[in-house]
Amino acid sequence: MQDAVRLQTEDFSVDAEIAALKSSSKRIGGIATFVGCARDFSEGRDVSRIDFDTYPAMALAELQRLRNSAIEKFGLLDACIVHRIGSVTAGDNIVLIVTAAEHRAPALNACHWLIDELKQCVPIWKKETTPQGESWVTPHP
Amino acid sequence: MQDAVRLQTEDFSVDAEIAALKSSSKRIGGIATFVGCARDFSEGRDVSRIDFDTYPAMALAELQRLRNSAIEKFGLLDACIVHRIGSVTAGDNIVLIVTAAEHRAPALNACHWLIDELKQCVPIWKKETTPQGESWVTPHP
Amino acid sequence: MIRVLFFGPVAERVQTREKQFEFIQGMKLQDVVTALSVSDPQAFDIVSFTAVNQTQVKDMQLPLNDGDEIAFMAKFSGG
Amino acid sequence: MIRVLFFGPVAERVQTREKQFEFIQGMKLQDVVTALSVSDPQAFDIVSFTAVNQTQVKDMQLPLNDGDEIAFMAKFSGG
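Chains as they are written, first to last, in our numbering: chain H, 8 to 148; chain A, 8 to 148; chain C, 64 to 142; chain B, 64 to 142.
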């Protein structure tokens, strides 16, 4: 059984994460997921590669805190969050959020809330490689 | 290449549907999915089985119309909708919606909109088998 | 010929999935509704949607054409 | 000993991922900020968040303890 929040270099399987959540309860009626991927284009430039840096101890603590908050706030049956670290190229998966609830609205709302919060609260930084060189991504306000 | 909207008796793979969408564009930055599953409990009764009936020609036309509307309304890059027919048991998947966009908000909002609309507009009916017998599901207003 | 289709809970009450009516020039959707309301009143208690040729229709005065496919449907419960 | 960690764009500007400061009784977070603002001003231009022992802190008057782990971080861009 893998941890419900993880930082990992390898890719993830949405089917495998959903199966893990479904094994925890037969009360689940709705599962929402969000997959963030590396686009080949950002801020007007081609992106050939993205490297991640992270503060692992704090990132895992924040992910765990967000998962617990979402479970409580939306009444979820279960949730998992996986963020890749290391390097990825265009089209690759970056982040996965899976939320499971008895009904669809809490699962969908929690999934949206979690990805928004993750971007605000979790210490991970992206560096994009473009034909103009490498640069750290500056998030929009 | 499978159709982007389908009614099928067999189960679906979320990974396979996401891979199909990703092969259409490297501009995709966010993919939202919703999976509806058969709960073992509904309206206070144990549910051992769900059978579906559908009006296939109209259901496919409505699914296609909803997909086109979502792509236009939310500026999606792609979307797919799969609904199972036949019989399923507790824990089984029923419906899958996958929406892909350049950014996360349109993908997530379109996914939520599509499952809400599907429940309103697509001619599919559920019959639940419980210890008290079989009964057609009456949707809440 | 007009084909009338029933599904799910409506089909269960009508006890068939299809009925056929001879097409008569000038026929309207309301004529089919009236005929079925007499033969299968218990089914019409739960009919919420009507479609002609796979498209929802609300105007019961809609003129029918030979070969039309009509469906009387209960509230949907898919998803 | 106080460990100060740098990541991503801040680490690039400081040109290291870790600095160490000797712990002095009565030391406050502000003392570390002041020392680094002098040695690495270009890094502090982009620092938006400060954490002590993996928890965000806004009060620079926070007293430090021997063994604390401090991080000065640019805006996050994960996800």
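Take these hints with a grain of salt, some might be off.
[Said to hold, decoys possible] Computed footprint of chain A on chain H; a stretch qualifies when at least three of its residues, placed anywhere within it, have a C-beta under 8 Å from a C-beta of chain A:
1) 14 to 23
2) 33 to 40
3) 46 to 56
4) 96 to 110
By construction, these hints were calculated from the structure, which means they are not laboratory data. Idealized CB from N, CA, C, for every residue including glycine.
Please list, smallest to largest, the hint numbers that this structure does not respect.
Every hint satisfied by this model.
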